[in-house]
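Colleague: Now for the letters of each chain:
Number of protein chains: 2
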Amino acid sequence: MTTTTVTLSPQAQAFEKLLGAGLTPPNEIEAVRIGAERLHLAASEPEGVTYREVDAKGVPAIWVQPKVADNAFVLLHAHAGGSVTTSAAVDRKLAGHIATAAGIPALVLDYRRAPEHKYPAQVDDVEAAFEWLLSQGYAAKNIVTIGHSIGGFLSAAVAIRLRDAGKELPGAVVSISPWCDLQIANPAIEANAGTDKLLTRALLEFFRDAWIGGTGIAFDDLRINLNLTDLSGLPPTLVSWGTYEILAGEDEIYAERLKAAGVATEVLPVAGAQHSYVWAAGRVPESDAAIAHIAKWLRSTLPIKPKAQ
Amino acid sequence: MTTTTVTLSPQAQAFEKLLGAGLTPPNEIEAVRIGAERLHLAASEPEGVTYREVDAKGVPAIWVQPKVADNAFVLLHAHAGGSVTTSAAVDRKLAGHIATAAGIPALVLDYRRAPEHKYPAQVDDVEAAFEWLLSQGYAAKNIVTIGHSIGGFLSAAVAIRLRDAGKELPGAVVSISPWCDLQIANPAIEANAGTDKLLTRALLEFFRDAWIGGTGIAFDDLRINLNLTDLSGLPPTLVSWGTYEILAGEDEIYAERLKAAGVATEVLPVAGAQHSYVWAAGRVPESDAAIAHIAKWLRSTLPIKPKAQ
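These protein sequence lines map, in sequence, to chains A and B.
Start counting the first sequence at 1; every next residue gets the next number (this note's numbering).
Start counting the second sequence at 1; every next residue gets the next number (this note's numbering).
Since the hints were derived computationally from the structure, they do not count as laboratory data.
It should be emphasised that the depicted structure is a prediction, and the values quoted were computed from it without experimental measurement.
Hints may be right or wrong, so weigh each one.
Same chains, same names: a pair is fine if it fits in one copy or spans any two.
[To be verified] Here are the simulated SDA-like cross-link-like pairs (lysine to any residue), alpha carbons at most 20 Å apart as the crow flies:
1. Lys197 to Gly233
2. Lys118 to Gln183
3. Lys67 to Gln309
4. Lys197 to Leu18
5. Lys118 to Ala295
6. Lys67 to Gly262
7. Lys67 to Glu47
8. Lys197 to Tyr138
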């Protein structure tokens, strides 16, 4: 056995760094990311789904293709994680479950994360992926923007940005456990502290600082608060949350404000469910029942006609 | 917004526990597991592969099905992790790459882990899955036992156990970066300490204690040392390792002992590669070249005839 020096590919050098980071995270951000990345374990493998890594106008993403689908439609999916943590890989399986239930493929984004990339990099990336889908021949009205937690904010924020620019809107928006109040002021933050097993005020503040801190943007800025900004003219929107999560209060207000703004709104509170309950797709009956409801609403809102691929 | 008490499904309660464990691991074992679980990020998504969760005679597993494959054959795959860490989920993508290259499906096992389940639970589980494949109609000679790190040990250990019991053997064994020396005595443990970015003597001792500690089994016991036990009569075997890893020395000895025992042996040292370089399947050219070599050897050793599914 002899060891000699070898010229490694750049990819092999990147792999060496990944190997070294697991047991001794270089900083708190990476430690939190490593802890969050295993959340993919909550979901089961959906059957009959294939995956393909794509570059959506500079945004890395996973194309999620069910065996039976209407490929004229697509779910543009933004993951959770407070702008800092998780990834397309964490959401691959749950997106496969939603895509299979709805009968349309999904594009699951690895948008840029904070604190390396502050607001509005995440909205920019969802918009870039939306434009990429248009360039691939998808009609705007056949694109569903969907996401949970901060991804639930992003799925709405991109529609608001398109509306403000006078551009064609997505055909529907699905916001699951969306983060609507960057002032972190809703009473449910305290009232549900005992039932929420993941989120805390401290964690929300950690994410907010990573995402907004240093940008000069006020916490009550309309651009980052769905519960302050104008919601009129948005596409049909489904809002869902778990009643045990600390975002339940602001999500309920968001749904009411959508209705008041004249948006066709479907409201789906899930009794006893946690923040981002979709993580448990395929394993938790309560999550699967909610996903079935979301899929049924999509098929009643859009003319989806799934067929075998 | 009101919170009421809800009767949760057992699965929803399990999801609550998973959510809570990420940021504050309950103990050192779980902290190491959480750190290791993100190793799945090293591999890319293989295209055209579907997945299905199965119960292989009590062993949870993922069935990995390439689009073009000879379904008369199967790879029985055991993941790495020193008996304590990682999972079938971590190896799903890399198993998909190997399965696609070889043109046969793979069964990726979630065997029981230590310290909750000490040796020989892991060998028992691989054997149970082997028997399950026989019960599903697979001929023993059409099963390839494959694995890396402790999974590389397991892929050989199950063949040794079947040989000793006078049962039919797998058609081939693939051991990548196998752990062959539980005495942790090979000079490469020190000589390669500077180039191995993951393994250390301390980590190997941590794993050994979790796996063997308290069983009364001596570290030089033949059952846990491929470099002490009789290797005669084993099926054609491919042994591979990265020259930068601290197991390189014992893996080279293992390959020599296989040859000396009269086993048809293919030896594949990968220059400059890390322990379990297959984790980086689809992203690192050196890993992909080695996987192509393994697949070519399998197709030359077994009469595999892949066809579209």
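Colleague: Checking Lys118 and Ala295: alpha-carbon separation at most 20 Å within a copy, between copies, both or neither?
Modeller: neither (32 Å within a copy, 44 Å between copies)
Colleague: With identical chains, the pair Lys67 and Glu47 could be close in the same copy or across copies; at 20 Å between alpha carbons, which is it: within, between, both, or neither?
Modeller: Answer is both; intra-copy 9 Å and inter-copy 14 Å each pass.
Colleague: Is the C-alpha distance from Lys67 to Gly262 at most 20 Å within one copy, between copies, in both cases, or in neither?
Modeller: Intra 36 Å, inter 47 Å, cutoff 20 Å: neither.
Colleague: Up to 20 Å between alpha-carbons, please classify Lys197 paired with Gly233: within, between, both or neither.
Modeller: Answer is neither; intra-copy 35 Å and inter-copy 54 Å both fail.
Colleague: One pair to classify: Lys67 and Gln309, alpha carbons no more than 20 Å apart. Within, between, both, or neither?
Modeller: The answer is both: 6 Å in one copy and 13 Å across copies each meet 20 Å.
Colleague: For the identical chains here, do Lys197 and Tyr138 meet the 20 Å Cα criterion within one copy, between copies, both, or neither?
Modeller: neither (39 Å within a copy, 45 Å between copies)
Colleague: Within a copy, between copies, both or neither: which one fits Lys197 and Leu18 at a CA-CA cutoff of 20 Å?
Modeller: Answer is between: at 9 Å across copies they meet the 20 Å cutoff, but 29 Å inside does not.
Colleague: Can you tell me if Lys118 and Gln183 fall within 20 Å by alpha carbon in one copy, between copies, both or neither?
Modeller: Within. Shortest intra-copy distance 17 Å satisfies the 20 Å Cα cut-off; inter-copy 50 Å does not.
Hints 1, 5, 6, 8 from the list above are not met by this structure, while the remaining hints are.
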